[in-house]
Amino acid sequence: MSTRIRLGVIGLTALALLAAACTSGGAGRTSSAAPSTAAPVRQGGSIVIGAEQEPDCADWIASCAASIWGTYIMDVPTVPRVFEPRKVSGTWAPVATDLMASEPEVAAGPPQKVTYRINPAAVWSDGKPITSADFRYTALAIRDGKDVLNRTGYSHITKIDTPDEKTAVVTFDAPYANWKGLFSDGGGVLPSHLLDGKDRSALMKDGYTWSGGPWKIESWTKGVSVVLVPNPSYWGDKPKLDKVTFQFTADTAAAFQAFKTGQLDALYPTPQLDSIDQIMSGLPNASSLVDPESGNLEAVWFNNAKPPFDSATFRKAVSHGLDRKAIVTRLYGALGVTRPAQSAHTPLVGRYGGTDFEQYTLDLAKVDSLMQADGWAKGADGIWAKAGTRASFTVSTMTGNKRRELTEQILQEQLRVAGFEVTVDNTSATDLFAAKLPKGDFQMGLWTLVDTFPQPALDASFSSGAIPTEDNGFSGLNLSRIDLPGLDKVLGTAASTLDENERIELSRQADKLLADSAALLPLDVIPNVLLWNNKIGGPLAIDPARGPFWNLAQWGLVG
1 MSTRIRLGVI GLTALALLAA ACTSGGAGRT SSAAPSTAAP VRQGGSIVIG AEQEPDCADW
61 IASCAASIWG TYIMDVPTVP RVFEPRKVSG TWAPVATDLM ASEPEVAAGP PQKVTYRINP
121 AAVWSDGKPI TSADFRYTAL AIRDGKDVLN RTGYSHITKI DTPDEKTAVV TFDAPYANWK
181 GLFSDGGGVL PSHLLDGKDR SALMKDGYTW SGGPWKIESW TKGVSVVLVP NPSYWGDKPK
241 LDKVTFQFTA DTAAAFQAFK TGQLDALYPT PQLDSIDQIM SGLPNASSLV DPESGNLEAV
301 WFNNAKPPFD SATFRKAVSH GLDRKAIVTR LYGALGVTRP AQSAHTPLVG RYGGTDFEQY
361 TLDLAKVDSL MQADGWAKGA DGIWAKAGTR ASFTVSTMTG NKRRELTEQI LQEQLRVAGF
421 EVTVDNTSAT DLFAAKLPKG DFQMGLWTLV DTFPQPALDA SFSSGAIPTE DNGFSGLNLS
481 RIDLPGLDKV LGTAASTLDE NERIELSRQA DKLLADSAAL LPLDVIPNVL LWNNKIGGPL
541 AIDPARGPFW NLAQWGLVG
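According to my numbering, the sequence shown is numbered sequentially starting from 1.
Treat the hints as calculated values from the structure; they're not laboratory data. Any given hint might turn out to be false.
Listed next, the in silico BS3-like pairs over lysine-lysine satisfying Cα-Cα at most 30 Å (straight line) [claimed, not checked]:
#1 Lys87 with Lys198
#2 Lys366 with Lys325
#3 Lys512 with Lys439
#4 Lys222 with Lys512
#5 Lys159 with Lys205
#6 Lys240 with Lys535
#7 Lys222 with Lys238
#8 Lys306 with Lys439
#9 Lys439 with Lys146
#10 Lys146 with Lys205
#11 Lys146 with Lys222
#12 Lys306 with Lys386
#13 Lys146 with Lys436
#14 Lys238 with Lys205
#15 Lys238 with Lys87
#16 Lys166 with Lys222
#17 Lys512 with Lys535
#18 Lys306 with Lys436
#19 Lys325 with Lys402
#20 Lys113 with Lys198
#21 Lys436 with Lys159
#22 Lys205 with Lys166
The calculated label-pair distances, taken between Cβ atoms and stated as ranges, are [said to hold, decoys possible]:
#23 Lys128 with Thr423: 54 to 60 Å
#24 Leu364 with Asp516: 17 to 23 Å
#25 Arg351 with Gly45: 39 to 45 Å
#26 Pro284 with Leu364: 46 to 52 Å
#27 Gln257 with Val417: 38 to 44 Å
#28 Lys146 with Ala174: 48 to 54 Å
Glycine included, C-beta positions come from ideal geometry on N, C-alpha and C.
Can you make the complete structure from the sequences, with help from the hints?
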């Protein structure tokens with residue numbers, strides 16, 4: 001499982017507007033993902049950060065941990081990892097962390113084996129050493145446990161040897177290319193001495209007191225906030241701040257007002273369309289950081305296993321009934337954003353993707369040809385019908401997300417002209433991601449996939465084995481129930497080859513298979529923006545995989 005792809009409440013990042021707003025009123029601006037340059041910071045103090053989504057739980061390997069905000073505010077600051085994303089020669093790549101005494105060694109075999117040598121200084125917050133037993137516990141909990149969000153990669157592990165306390169050797173049943181994602185993405189390494197033989201979910205779901213990172217969770221007050229404090233046992237650089245509070249502020253307009261009045265010191269915002277005026281009015285004494293190279297893909301998702309979208313012909317007809325460029329321009333044209341996404345890969349893993357979704361442009365003649373060839377005919381009301389069934393379906397997203405609700409209105413308008421009747425069936429984020437989508441209770445949807453590791457893993461979200469079912473406890477990320485002839489083979493080969501050029505070619509083949517069958521329809525790649533009060537200093541930088549708080553230990557108050 002070398003890429004954790006999670007479903008996050010991520011929306012429009014007002015790129016140009018934020019730049020303009022943060023330049024006015026004496027604010028500073030950084031126009032790329034490069035770290036900001038700031039004055040030196042002092043030791044001590046506290047800050048409050050706005051968090052627009054509260055996680056459902058803190059058991060990072062369970063299906064309830066799909067919220068990307070859980071990763072940002074608790075997982076990354078407290079859970080040790082073998083590899084982390086870093087920019088290497090201009091490209092995002094996995095780099096070994098100081099959890100390791102040395103770079104893990106891979107032997108191609110057969111069988112493939114990876115040897116991990118753990119840093120002797122690495123300890124948990126209770127002073128107990130991080131050991132090979134922790135690697136063994138984590139791997140088996142994911143491979144064999146119940147209610148696991150994503151077993152990709154771990155399912156290939158045949159055994160974990162622990163020749164000594166600081167050495168773990170993992171053996172695979174077949175070559176596995178994305179091995180660097182193991183113990184790195186989707187939860188890292190967990191403490192066996194605290195969890196082995198116990199109910200992990202009960203111990204972790206509402207937060208936990210242990211840590212293997214620079215921060216500890218002091219408290220999680222449901223509906224209010226998560227508070228982090230330094231982990232005094234951390235073997236790396238200690239945090240500068242005494243306390244960081246993540247205050248849940250789901251209402252974007254309220255969050256911006258709280259930021260402007262100083263109640264919040266930083267935001268990682270989702271500006272909705274009705275908050276643009278607030279942004280344009282200026283954010284004095286604030287700075288911003290923009291990262292267009294995100295891991296966020298917004299798309300129109302079809303339920304490939306449920307009528308009418310179980311028909312590739314119908315999916316293609318709907319895709320040709322939409323003018324994606326017009327949709328993106330109508331939503332974001334004022335920001336200079338007019339190009340739709342053309343790949344199932346995000347920029348974080350962009351070199352593995354193609355541009356095969358370019359074939360879907362507005363073409364009403366093509367819609368007519370496809371539908372008529374499949375036995376559909378337009379009724380007096382202009383809506384297609386076949387054997388007494390109208391071409392009518394629902395679109396679902398999260399209630400209260402005004403940008404997506406506007407997108408739904410645009411979809412309704414465009415598809416009505418093409419002969420399709422669309423009705424809206426929205427619900428809460430919790431109900432959508434925890435119930436409706438895992439159980440396939442939707443026809444067409446709008447949401448964002450978030451890549452969280454710089455290696456391709458389309459198998460985690462598009463292989464048939466990743467389809468949530470009753471047998472697997474409705475876990476898995478293939479919520480669209482995509483099951484295309486030949487796709488599993490291509491994805492499986494891409495996941496098993498250790499040849500980088502071959503992986504790129506196979507990943508692009510998978511992209512083409514998805515596009516040629518219109519299994520989904522990408523809309524846009526959503527950039528990331530970080531806003532902060534100028535009283536905060538340190539090297540602030542957005543990591544497209546781990547979010548903006550990955551180096552929170554280096555943040556501080558300007559001296």
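Results for each hint:
no. : hint                           : in the structure
1   : Lys87 with Lys198              : 39 Å, violated
2   : Lys366 with Lys325             : 17 Å, holds
3   : Lys512 with Lys439             : 27 Å, holds
4   : Lys222 with Lys512             : 43 Å, violated
5   : Lys159 with Lys205             : 28 Å, holds
6   : Lys240 with Lys535             : 14 Å, holds
7   : Lys222 with Lys238             : 27 Å, holds
8   : Lys306 with Lys439             : 11 Å, holds
9   : Lys439 with Lys146             : 17 Å, holds
10  : Lys146 with Lys205             : 14 Å, holds
11  : Lys146 with Lys222             : 25 Å, holds
12  : Lys306 with Lys386             : 16 Å, holds
13  : Lys146 with Lys436             : 20 Å, holds
14  : Lys238 with Lys205             : 26 Å, holds
15  : Lys238 with Lys87              : 23 Å, holds
16  : Lys166 with Lys222             : 37 Å, violated
17  : Lys512 with Lys535             : 48 Å, violated
18  : Lys306 with Lys436             : 13 Å, holds
19  : Lys325 with Lys402             : 20 Å, holds
20  : Lys113 with Lys198             : 29 Å, holds
21  : Lys436 with Lys159             : 36 Å, violated
22  : Lys205 with Lys166             : 28 Å, holds
23  : Lys128 with Thr423: 54 to 60 Å : 56 Å, holds
24  : Leu364 with Asp516: 17 to 23 Å : 21 Å, holds
25  : Arg351 with Gly45: 39 to 45 Å  : 41 Å, holds
26  : Pro284 with Leu364: 46 to 52 Å : 49 Å, holds
27  : Gln257 with Val417: 38 to 44 Å : 39 Å, holds
28  : Lys146 with Ala174: 48 to 54 Å : 24 Å, violated
Of the numbered hints given earlier, the model fails hints 1, 4, 16, 17, 21 and 28; all others are met.
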